[in-house]
Every structure is written in C-alpha cells, then in structure tokens.
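Chemist: Single-letter residue listing:
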Amino acid sequence: MSETQNLTLVQAVRDGLHTELARDDDVVVLGQDVGKNGGVFRATEGLYNEFGDDRVVDTPLAESGIIGCAVGMAAMGMRPVPEIQFSGFMYPGYDQIVSHMSRFRTRSRSRYTLPMTLRAPYGGGIRAPEHHSESKEAFYAHEAGLTVVIPSTPRDTKGLLASAIRDPDPVVFLEPKLIYRAFREGVPEESYTIPLGEAATRREGEDVAVFTYGAMTRRTLEAAENLAEDGIECEVVDLRTISPLDREAIVSAFERTGRAAVVHEAPKSGGIAGEITAILQEEALLYQEAPVKRVAGFDVPYPLYALEDYYLPSVKRIEEGIREAAEF
Amino acid sequence: MSVFDRAYDDPVRVLDEDGEVVGDVPDLDEETLVGVYRSMRLARHFDGRAVSLQRQGRMGTYPPLSGQEAAQIGSAFALAEDDWIVPSYREHGAAVVRGVPLKKTLLYWMGHEDGNRVPEDANVFPVAVPIASQVPHATGAAWASKLQGNDDVFLCYFGDGATSEGDFHEGLNFAGVFDTPTVFFCNNNQWAISVPRERQTRSATLAQKAAAYGFEGIQVDGMDPLAVYSVTKAAVEKARDPSEQRPRPTMIEAIQYRFGAHTTADDPTVYRDDDEVEEWKRKDPIPRLEAYLRSEGILDDDRVEEIEASVEKQVADAIDAAESVPRPDPRELFEHAYEELPPELEAQYERFVALREEHGDEAFVGE
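Protein chains in written order, with the UniProt record's numbering: chain A, 1 to 328; chain B, 1 to 367.
Bound-form chain B, shown alone (with noise of 0.2 Å):
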C-alpha cells in the first residue's frame, strides 16, 4: 500500500509530540538522523541571531522561521544530489542543506544582491518574494529538464496564502497536464501574515485541492522531520518514476506553526492568543527528534553539547563573515540588468560616476 492511499485530513505521522514512534520509521542510517536534527538547530540558531541582528539594526526586515524546521529540513534531506528547490522567502533552512551558505542569506537581507547569486553548484531557484509566483516557475523547470531528457525533481515551497492565488492555481495545473516532475510543498503555517487558514479557503485541507489538478495530495504533520522525510520522498520517487495511476507532480500539506512573526516587521500578537502559539509549541520540532534519538541511543548530551557548539560556530562564522562585506561598488547596480550594457545605461552610469568622483561618495550615501 502506497503512503498516499489514505484521506487527505489523514496527515503522516512518525513521532509523536513526545518523540514515540506512531508510524513507519524511514530507513535512515544515523549519519543522516543526526544531519537532520543538527541543520534543525542550525535553522533554529540562525533564526534566533538573524532576529536579534534585525532589533540591533544590523538586518533589515527579515522572516523568521521557527518552527517550521522540520518541514524545510525534513523535505530538503529527500531530495537527490541533482534535485532541484525553489523557494519563496522564508526557506533559510532547506537553501543551506540543498548548498546555500548562510552568509549570502544574511547578506540577501542585508539588503546585497549578491546574497542571491546562488553558487553554482546549488541546485536552488532565488528567492521568489511575490507570493505564489514562484509556483509557475517550478512547474516550467521541471517541464524544460523532462524534455531535456534529465530525471531531476523540482520541490516548490509556498505557503497556505499562496494557495489562494491564481499563480498557485496555474502552477499546479499546467504541472497536472503535461505530468512534470514537481513536488509542491506547501508550509501551511497557519497564518498569512493576520489572515488565518479558514479565510483562505471553504476547503477541509488544502492538499484535496491536488484533486482538481489530476495528482496526488496528502497531508504531514510538518513538524514531525521523520514524516515530513518519508512522504517527501515518496513523492519526489513518483516524480522520477510514475504510471498511469499515479502521475508524476505530488502536493504535500505539511501542517505547523510559525512561532514568531511574519517579518520582523509583523507583531502577531496584534492578530493571535498566546495560547495557540503556547499549544503549537508544544510540537515543536526538534525535541522531538531529539528525544527519538537519545532513545535510539543515536544522540546524548556529549552529542548534543558538540552540536549546540558548532552550530554556533557556524552561524557567528557565517555573521562576521556577512558583516565584514563592504557596501558594494555602484557599477553592480548596472552590472546585471543585460548581458551588454545598453548605451543609454552606460551613459547614466559614467554620469553618476563622474558626480560621485566630483563630490565624493558621501554626497549619495549620507542621511
């Protein structure tokens, strides 16, 4: 029996909010489990230290993720090597384990282009900021790399607003009709910005509305890393090797809570009661985990206290290496709009060189 033969308001489980096991366990070797659970405390960390260098000034806006780690960590470790992300804004956790270093998300918030020149070596779409939009896109990569001839899986995060949008709608359709190999991930956190899930839409799930597009849907309990893995990679096999029955593009409703804000700009408080917050946290994703391990035996506190240290590391490592990026040169501003420079931008380029030259970078750069 395959994991999507079940009712969409059925979401996957694995471990209970204590950690116990109450369904199928993926076949994980504890390499992998502990690689989990440290890129969970890397995205926790991370989210906590890019908050508070927001309130410090040395951030712009930016979206915190708390948790809703294990939806990002648990559906990027399913991926193979070549498999393909594209996020919207808020996929800090599942960019770093698919390649993406640290210090160019902070530095994208920091407001630098250059934190989303994704390396080369990164299978991973820049971040998409208009809601939904980013959908399409997914849809029309997976579609160029199956005529290709490749076998790449493209997994498409969006969140449970974006259901709601027409980009959303047409994503998934043109994905229905010409059987592309997309995953659509959809962190349903509960909450767009104020507007709550039941305003989105009269439909029981979201992951019903895979339905109407011809493929699967199916719900996970998105803080639960193990289910989120397991129904991730049941849908990213689909994607490279379907049949008649069961098409290639897959939605996954991956249920969890956004602890924090929408933006550091955002107060929840204004639009939710602290006991929600209070009730979701008690799912929270990686003492959950965390408790798993330590009764495999796979984690304990030496374990535990080695990863806290180096996760720290890694981000305050990642934090001075972003703060020590100096304000680029204003050519970059021009740099990349075409692959030549047309005249006409060359012209106003050298002009405002030449103002800059006469009255120094201060003139332009000051309060």
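Next comes chain A alone, as it looks inside the complex (with noise of 0.2 Å):
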C-alpha cells in the first residue's frame, strides 16, 4: 500500500495535476492567475514553480481564448488543462464548449480528438459575489460529445482528475468549491485513477435510495444520520460522473429500494434531478412505491449571500425531502 498524504479536495486537485503534469509532457495547465499565483483556490500551487512558465501558463483574461487555444492545442494531440477561475464565468466560452470542445471528433469522423479537461470550481454557500455560486452543471451534461464530472472527497479527485486528464475525449471537471476545504481525507501519493461514469455508495440503506453529487453529498449524508435516528435507512449514492449518467448504479440501488430522492443544489427545472426521476421511470417503474423527491435550488437566479442559506438545500430540507418519500 502507498504512502497517503492526509489533504482537502482542492489539495487533492493539485496534488492530482501534479502528479499529471509529472508524468506526462503532452498535459498543459492554464488559465487566469493559474502560474506565479498558484490559483485564486491555491489548486495550482507550486505548480508554475515546478514546471515553468510553458506547462503551467499564465495566459490573458479571455475565457473563449482560453477553451478555444485549449482546443487547438488538444487537436494536436496536447491534453491541455484550462481552468476557468469560476463557472460563473464559462459563459463568453460556451461557444467553445458547446460549438467545438464537444463536437470535434463528430465533425472529423474522429480524425481530431480533444483529450482537453476544463477544469472550474461551482457552486454556492462560500458568501461570494454575484456570479460566483451558480450550479450550471445541466448546460454541459446536455452537451453530447462532453464528460461531466463532479467530485465530492479528496481520494475521489485525485483519481477522477487523473482518467479526466487521460481521457481520450473533453471532460467537464467541475469542483465543489463548498468543500474545497470541508474536510480532509487520506489521499495515496501515488497515481491512481477512478473510472469515469461509475457512481459511489456512500451509506447503504434499504429505505430510499439518494442520489446526489458535489458539496450535496455530505449534506446529504448528515441527513441520512438524522433519519436513521428516526428508523428510515438511506442508500446514498454519490453520482461522481453526472453524464453520463451511471444507469445502473441508480437502477439497482432504486429496486431495492422502492422510494428516491435526488439532491441538487442546482435550480429544480431542467436539472440532473428531472434526468434520474425519467430514468427511474423508464426503467424500474414497477419497484416504485412513492414518487420521486427533488431537494434541489430554487427555480431563480443564484441570490446574493444574504439569501443563499435560504436558497441551497440544508441539512433539515434534505431531511424533509427524503422523509417524504419514506413515508408516502
């Protein structure tokens, strides 16, 4: 057994492009403030230090330019790193993403391919400005031709970023950065990857099952506790890879347990929520014994901190949540 390193999930981001950037010179990392400063999260520090100014690049405050260069650099067999500081401020490179990073090998039969990952943190609850809390992980898990993953623990990072950075196509790494420094967990030093589109169980349960991703997790998981105190069981599983999406893990946890809830922090309509409650119904509708619960944002802009208690779901609403399809 290797050595483990006792680090947080945004340590674990960069002690996984660490060991990336060491053990292969075609990954490049970029983006604003990701060389001399180390990142606005530290998730690159030491990194420019260690690799120079042509691996880990300080580049212009130019998101397309960043995701478009990325793409270029990709199509010619690099496995670029862009990181965008938050995914609030994807937008002016959605046309990338969405027209290019997502479509290459489609529209060259798969001469081109873009071994790129986007690395930006999302989410709510660390009392940000406007623009940086939204949870817009739906956009790019609509987007065929695109990998979304979310990690929820530090091990998990480390390894889902390093089969990120292998993949042979774009993946879309998005970073709770809720929990960038929640908590910390044993993490080996050695390189390790973690499959992508395969989910976790965190906490088994026979009662209702619970999908959930991202800093959701643990919240999630503390209300599961709750409710067991209560006699209700929750199977809590962690999706990791919100597309695809892994049917199977959610199927098979479902039939054995009847009843779901899934937890966002995203808005409710048009989310990951909407996707598992169709798969469920497509697939398993005769072990359904209550409907399927949504705990997810409220349908409105990401509100400014004063309010953003109210909008993500807490511990009690995620309780609540379940509670109602235990007890249908």
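It is possible that part of the hints are untrue.
[Stated by the list, open to error] Computed, partial: chain B to chain A, Cβ under 10 Å: (1) 1; (2) 125; (3) 130; (4) 134; (5) 143; (6) 167; (7) 170; (8) 178; (9) 203; (10) 274; (11) 332; (12) 345.
For the record, the hints were derived by calculation from the structure and aren't laboratory data. This structure is a prediction, so every number in the text was calculated from the model and none was measured. For every residue, glycine included, the Cβ atom is placed at its ideal position computed from N, Cα and C.
Got two chains here, separate frames each, mind docking them using the hints?
Modeler: Following this line, the structure appears as structure tokens:
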C-alpha cells in the first residue's frame, strides 16, 4: 500500500494536476492566475515553479481564448487542462465548449479528438459576490460529446482528475468549492485513477435511495444519519459523473428501495434530478412505491449571499424531502 | 527592406488588373505558376458546378467562392508541406491545394459527415462554421506545435465580419502574447452577408488591428495571386524564423470581392448594386494571371484548353464520386460522439435498430 497524505479536496486537485504534469509532458495547465499566483483557490500552487511557464501558463484574461486555444492544442495531441476561475465565468467560452469542444470528434469523424479537461470551481455557499456561486452543470450534461465529472471527496478528486486528463475525449470537471477545504482524507501519493461514469455508494440503507453529487453529498449523508435515528435508512449514491450517468447504479439502488430522492443545489427545473427521475420511470416503474422527490435549489437566479442559505438545500430540507419519499 | 515596412493602407501588388507587372514578381518556377493558375481554374469551375448542383436539388446550401480564388490559392501555395490550414467554411480552393479531395468538400455540403473527415495526410482542420471561432484554434494549435518543438506554421482563414468577433481578438491576442507561428489571413470580401465592411469597424484598415496585438499587419491585393503568394510566404517565413523586431504572428488583410452570394440561400441583389459587382469583376484574378503567364510565354491557347479540359474532368469525376456515395448507415450517427459508446447511447441505437428492422427504412426517411 502506498503512502497517503491527508489532503483537502482542493489540495487533491493540486496533487492530481501535479501527478499528471509529472507523468505526461503533453499535459499543460493554462488559465487566469494559475501560474505564479498558484490559482485564487491555490489549486495550482507551486506547479509553476516546478514545471515552468510552458507547462503552467498564465494566460490573458479571456475565457473563450483559453478554451479555444485549448481546443487547438488538444487537436494537435496535447492534453491541455484549462481552468476557468469560477464556473460563472464560463459563458464567454460557452460557444467554444458547445460548438467545438464537444463536437470536434464527431465533426472530423475522429480524425481530430480533444483530450482536454476543462476545470472550474462551481456551486454556492462561500459568501461570494454575484456570478461566483452558480451550479450550471446541466448545461454541460445536455451537451453530447462531453463527459461531466463532479467529485465530492479528496480521494475521488485525484483519481477522477487523472482519469479525466487521460481520457481521449473532453471532460468538464466541476469542483464543489463549498467543500474545497471542508475536510481532509487520506489520498495516495502515487498516481491512480477512478473510472469516469461510475457512481459510488456512500451509505447503505434499504428504505430510500438518495442520489446526489458534489457539495450536497456531505449534507445528504448528514441528513441520512439524522433520519436513521427515526428508523429511516438511506442508501446514498454519489453520482461522481453526471454525464453520462451510471444508470445501472441508479436503477439498482432504486430496485432495492422502491423510493428515491435526488439532491442537488442547481435549480430544480431542467436539472439532473429530472433526468434521474425519468430514468427510474423508464427502467424501474414497477419497483416504485412513492413519488421521486427532488430537493434542489429554487428556480431563481442565484441570490447574493445574505439569502444564499435559504436558496441552498440545507440538511433539514434534504431530510424533509427524503422523509416525504419514505413516508408516502 | 522587408515587405512589412509599408503603410497599412498600401496593399502589396504584383500584377495590375490587366496582368501587367507592377511589383516584385515572386521567384516561382513555371510548374508552380501553372499550378497556381490551374488551381484557380479548378476552384472557379468547381464553384460554378456546386452552385448548379444546389439549384438542381442535388446538394444543400453552399457558400460560393468565385472572386476569391487568388487569396485562397496564392496563400495555400506559400505553405511548406508540413504546414497547416485552419479554414472557415468557404476555403474549398485552399483545401484542395492542401490535400482535401473535391469529393470530400462536395460530400460535406451534401450533408455527409464524412466530408469533414480530412484525410490523414492532409494538414487541414475541419470546416468551422461559427464566425471567427476557429481563430483561437489556430493559435492554440500553433502554440502546441511550438511547445512540441516543431516548426510548422498555421494559416488561419476568416472573413472581414470575423474581425468584429471576440474570438478574433482573443485568438490574435493570445498569438501575440505567446508568439505563436500563426498567420491570420483575413479574406476581406467586403460583405458579411449583407453588412458592408464599413459597418464592421471604424478602423481605416483591418490590417492595422494587428498593431494592437504587437505584430505586423499588412494589406495585399487579394485578387492578385502572385502578391498573395509573396506576402503569405514572407509571413510564413517570419513565423518560422522570427526576430525581436518581427514576432512570429502576422495578420494579412487580403482585399477581394465575393462575386456571388454569401450562400446559395442568399440574394445579394437586395443589398448591393450590380455596378459594384461589375467593377470588382474587372479585377478578376484568373484573366489577370492568365494574361501574365501568356505574356511570359508560359501559357498558350493549347495549354489553356488542356487545363480547362482536365479541370472539367476532375470536377465531373468528383461529382460522380460524391453522388455515388450512399446514405450513411444510421450507426454513423452514434459512432463518433465518444471514443467508446456510453451504454445509454448504445441502448438508444439498439432501440432504433429494432424499430427500423420492424418497420423498414422507409418509415424513417420518407417525406
């Protein structure tokens, strides 16, 4: 067994980037403040000093330029890892994501492929200014040709990031910044991968299957412990990859429980929860004993922080949503 | 003195409208000169046939290039074998010079994805439709090539309208900052569909925009193939072998005119006068080069007829080949979204196949 280090999630991002930069010369990290400054969240700390200006690149402040240049680099066989400082600033680069990043393989019939990983911190709860807290993962999940990954633990973060960077196709890698420093976990020092597209069961239980990802995973686990005191046992499934979804894990957890809730901080309508509900309808209707409950952000623009606690699903809201599914 | 030492509004010219020499003729052998001429004839003939195929319902919407042959062919000829082009959607002439068969171009506009499958030995990016969005790709690809220790040059085509887009600015700005071996070739054909060049920018020239990015910008008569060749060649050489004063990137503004419509879905008589079109047609690049080559004794009637016949045959063969390609199998819809088909996509495909087997292909492809 290799040595482990006790890392936070953001340190695991840094460690994952470090490992991949060291093992493959084609990996290049680029973006605003990723070089000398080490990233505004310290996600690239020290990488510039170790790997130099050609591998860890401070770019002009231009999201479309960062993503568009990464498309060109990836088409030439490099493995660029562009960082957008906050997911709320991805939209100037959105055309590059949907018109090119997701389509280059299809358009060229696989002559050109884009082994690139677009990283961005996402989600709310850190008392940030406007545009710094949104959860727009459904935009990217809706885009064929992309894989969308959202880790929820430090150990997963390093392994999923390695898989994303080594993947032959483009990956959007969204990091839940609310839990960037929330807790530490033993993370192997050596290089390892965790497969994309596979969910992880975080807690076993036979009453309600609860599907979640990102920062909501911790809150959901806490809600599950509270519910256990009332005799409601939750199976908590951390999706980890939200596109393509691990349908097998989703259906199998539901078949054991017959009841489900989905928890995400993104707005309720048009989100991943609706997709999971549809999968359960299509593939496991006869197992269903209760309506699938969606516990999500409200369908409003993300608020400034005086109100964000009310916007984000709290442990209590999650608890009550699951309880409704359990007691229907 | 370098060709770049000139005013932004002083376009480089080699041949005047009658094919008389008015500038420095590039040092090209006869074979290459005839090659440029033949490629322009090929592009022109192809263009006419493609428009006609669309009119006959044998092809979808198509963007014509007539009038723009010198810019495309002259620039493509200036590249070394391993250099790259990053086109928009109108560069069929440059693409064929750089190794994309005409059949592929026809297939693409006939709606076949395979038309964009650039042959492995052709250093050509796939067609990019959203305006200017390919500009950062050219910068990124050139940047990657430089990081990988290669000395290939990347020639990126876009139009006058593209210079108003953010991606134009971001692509050129990154190129300046990272000193990438990119030549930005602006096909200023005066019209972005119906919007004239004057409505894109208050700048007196497009070439001068390069100054803001810290590298050279230069105008060229884009309907003079020898001038286009010379300027592109100088830019390509500089991209490979820069100096402190002359960084790698260059922006070339090639002044030209689109004789026809923006696409076959467009009616240019709505927004521009026939007089204007006629005026520009006097600058037609093909008779200009032909007159020069005849005066040099490189072309005569026999040679021109021979070229005409071979061009007509090449285009006719390409059309036959493209039209004989059957509708692709529906599996092709799914094959290239990811390297490995995700299970859900496989399931969608299987369900479709089952329906198709049950009801027959006609149930899905009928009117």
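Chemist: Now tell me, hint by hint, if it's right for this structure.
Modeler: Against the structure, the hints come out as follows:
no. : hint : in the structure
1   : 1    : violated (33 Å)
2   : 125  : holds (7 Å)
3   : 130  : holds (5 Å)
4   : 134  : holds (8 Å)
5   : 143  : holds (6 Å)
6   : 167  : holds (6 Å)
7   : 170  : holds (3 Å)
8   : 178  : holds (8 Å)
9   : 203  : violated (20 Å)
10  : 274  : violated (36 Å)
11  : 332  : holds (8 Å)
12  : 345  : holds (7 Å)
Consistency with the previously given hints fails for numbers 1, 9, 10, ordered from lowest to highest.
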